[in-house]
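Those sequence lines, one after another, are chains C and G.
If you read the first sequence in my numbering, its first letter stands for residue 9, the second for the next number, and so on.
If you read the second sequence in my numbering, its first letter stands for residue 20, the second for the next number, and so on.
Among the clues, some could well be false.
Unchecked claim - Have a look at the derived ranges for each label pair, beta carbon to beta carbon:
hint	chain 1	residue 1	chain 2	residue 2	range
1	G	Ile-285	C	Arg-26	57 to 65 Å
2	C	Asp-119	G	Ala-482	25 to 33 Å
3	G	Gly-415	C	Leu-105	27 to 35 Å
4	C	Thr-107	G	Gly-367	32 to 40 Å
5	G	Lys-209	C	Met-31	19 to 27 Å
To be verified - Under the rule of at most 25 Å between Cα atoms (straight-line distance), these lysine to aspartate or glutamate pairs were calculated in the DMTMM-like manner:
hint	chain 1	residue 1	chain 2	residue 2
6	C	Lys-165	G	Glu-455
7	G	Lys-337	C	Asp-148
8	C	Lys-165	G	Asp-341
9	G	Lys-396	C	Asp-57
10	C	Lys-165	G	Glu-433
11	C	Lys-165	G	Glu-453
12	G	Lys-337	C	Asp-169
13	G	Lys-500	C	Glu-44
14	G	Lys-209	C	Asp-57
15	G	Lys-48	C	Glu-67
To be verified - So the derived list for chain C, only partly shown, Cβ under 7 Å to chain G, looks like this:
hint	residue
16	Leu-49
17	Ala-66
18	Asp-70
19	Asp-101
If you're looking for bench data, these hints aren't it; they were derived computationally from the structure.
Where a beta carbon is used, it is the ideal one built from N, C-alpha and C, also for glycine.
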Amino acid sequence: MMGPTGLDPFTVFGVEHRLDLDMRTLERRFLQLSRECHPDLHRAAGAADCAAVLTRSAEINDSWRTLSDRWERARALIELRSPGAMDRGRTLDPEFLATALELAEEVAFADGPDLASLRQRLNATCDDVFAELARACAEDDFAAAARRLHESRYVRKALADLDARIQGGTA
Amino acid sequence: MSATDPKPRLVVGIDLGTTNSLAAIRAGKGARVLRDRDGEPLIPSVVCFLPNGEMVVGRGAKDLRLQHPDRTVFSAKRLIGRAGAEVDREAALLPYRVHRGDRDLARIEVGGRDYAPEQVSAFVLQEVKATAESALGQRIDAAVITVPAWFDDAQRQATRDAAQLAGLECLRIVNEPTAAALAYGIDGSKDGTVLVYDLGGGTFDVSILRIDEGVFRVLSTSGDTHLGGDDFDQLLSERILAAAGASANDAYVLQAVRAAAEGLKIELSQKEQATLRIELQDRAPIDITIARAEFEAMIAPLVERTIACVHRAIADAKLTADDIDDVVLVGGSTRVPLVRQRLEQDLGRAPQTGVDPDLAVALGAAIQADVLAGNDKSLLLLDVIPLSLGIETLGGAMQKLILRNSTIPTSSTEEFSTAVDGQTAVVLNIFQGERELAQDCRQLGSFTLHGLPPMPAGLPRIAVHFLVDADGVLRVTATEKRTGHEASIQVVPTFGLSRDEVRRMMLDSIENAQQDYVAREAIDLRNKAQAMVTGTRKALALASLPPDQTFSVQKSARALEKLLQSGADAAALKVACDELSKLTATIADDVISSAVQRSLQEEQGSNTNPSAS
């Protein structure tokens, strides 16, 4: 797991602590911050300035990576709003785990035309989980949000495995 | 380089290719290629080491490859920064001698002398530099140099070393497909998502970029360092060898067949069928006809490998094929029709043809060079790190701290602890690569954090911080949080030429230049002395001098002649020459000195030094 460096990506970007952010606005902000801080456009600075520019530029890039991915953005938000919630939400519902296991098996044995429809179904499940996560965040229920985020890992893993199988088949 | 420097700094962009190299410079809104006196932009990346010790680089060297098959080195880029089994794999395909030298690194042996691939690349860069300087009428000391996106740190460092050996400060190593995208998007009308498909001589890269109001952002990059147009040539070569009933164990045959294959490939890109007449030594010429369909069947598996990379790059960018607005082709081998067809088929749009696939990379490098020289603030390139970085953890696993395709600069911190009770030092081994086990990745460096207070295993909290700058250079810092003990290194690959070797090679080249100069001066001096002896004698015969003067001049001339015959060194010759000219100059009658001068000129005119400088 990529450890957080005590960095608050929302503050770096000067935006509110919330999950539903307008991506295009965020992207423009990223480009603007990059222009202001990228070392390539500030090469003449002295050694101390250089180090500061470099650190700041890395913060901007790393914050963008977090904010532009919906799952990473959710994780950062949960950690900021309710520190430790991710650790506390680790124990998952046995019923969910049974479903996740079935899903993994389905991915392992799917073949031919099944692959595409399974992929569609997994994508839809991801969207559903995210919608529930977003609802929990909006209601400030970060314990529930953390559980949803942990659950999403299983679905996303199944999807990644499926994509690897589809790619492996065509390569 | 200071902010107050009023004159814009001139920095060129150089595409150091497997097959050809070239330079370009920023001009107006775009960039222009720097051509040689004949108007040629491409300089073959070929160096021929002639038996007489002379060296020919570029087109002249390419022309000599059949005459000196085992002395003509090409595709050195396939060897640069490589070691071990990789070297053997490449060596099997090359007509010149390649072996593993010190620390298992690739070495090239020509006529009993050993060269590092970096040196060969440096000779090519010197030629590019000289061509650029004469095109610009100005000296150049800095450049942005491109490499395949898939090059690892060792290969990048080796390229930097080559630049240094060639007397160029390398301001930045830029990925080739990224540079091509800069050339494509520089006119400002191409905002959107572009896929760059770069099939060079020795490597294949694919990158996806988003162009947005002057910011060029790399979203993902993928590729294969062992796949290129050379491999197409190789398949054709095998076909030609089979048809000619020849074997590939002869350097001449290999070079001849390679040259023929390259010609065939180009012809098959335009025609449905190509015929080739090949003459191998002491054999009757053979005609070989190959249909395009046959060629395409041969290369299809290679092309499919590139298409798989394209799909991987799209997936890594979290996009689908529909999100790609334009496809840019780079590298001469993208002229092969099958490549274009397959791309069009999979991406649903014809590749765009507005950018010359041979020139785009150098043009883009020139644009980035201008930005780094501080002349253009309107443009920004956000590149990514091509391979993941991490450290070895317990059990030899590779723990990644920075994932590939992360936009640089970037940083990451991870906490570790000790494995043994009372441990007072930890060794951090830093690796680069995608594999799960550290042994399958490439080690970049290693350092030790000392001074840990003895504690039970698992109690110390060691924070490891990775910071990658805009050049892609990694700096690692490790801190024990309870005590504040800290250690850090700037990671320069432990691989490739050591810093000492680079320094020594630099000194060698300076020293050699000094030796060459001294040797040249000695030859000039001998010629001059010889001319003085002959000239003085002729003058003496013409002038009528008092006997004692005639005698002293004759004596001095004889002494000089004896020195010449005994092969005396330059210093002794110079003393004797000076003495003789002093004598002849002080002779009252200037008839003699003018006569000496005249005959001296005649002698030297007929005795010009034939060796080139």
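Verification of the supplied hints:
no. : hint                              : result
1   : G:Ile-285 - C:Arg-26: 57 to 65 Å  : holds (58 Å)
2   : C:Asp-119 - G:Ala-482: 25 to 33 Å : violated (47 Å)
3   : G:Gly-415 - C:Leu-105: 27 to 35 Å : holds (31 Å)
4   : C:Thr-107 - G:Gly-367: 32 to 40 Å : holds (37 Å)
5   : G:Lys-209 - C:Met-31: 19 to 27 Å  : holds (22 Å)
6   : C:Lys-165 - G:Glu-455             : holds (17 Å)
7   : G:Lys-337 - C:Asp-148             : violated (29 Å)
8   : C:Lys-165 - G:Asp-341             : holds (24 Å)
9   : G:Lys-396 - C:Asp-57              : holds (18 Å)
10  : C:Lys-165 - G:Glu-433             : holds (23 Å)
11  : C:Lys-165 - G:Glu-453             : holds (18 Å)
12  : G:Lys-337 - C:Asp-169             : holds (15 Å)
13  : G:Lys-500 - C:Glu-44              : violated (33 Å)
14  : G:Lys-209 - C:Asp-57              : violated (34 Å)
15  : G:Lys-48 - C:Glu-67               : violated (32 Å)
16  : Leu-49                            : holds (6 Å)
17  : Ala-66                            : holds (4 Å)
18  : Asp-70                            : holds (6 Å)
19  : Asp-101                           : violated (29 Å)
This entry does not satisfy hints 2, 7, 13, 14, 15, 19, going by the numbered hints stated previously.
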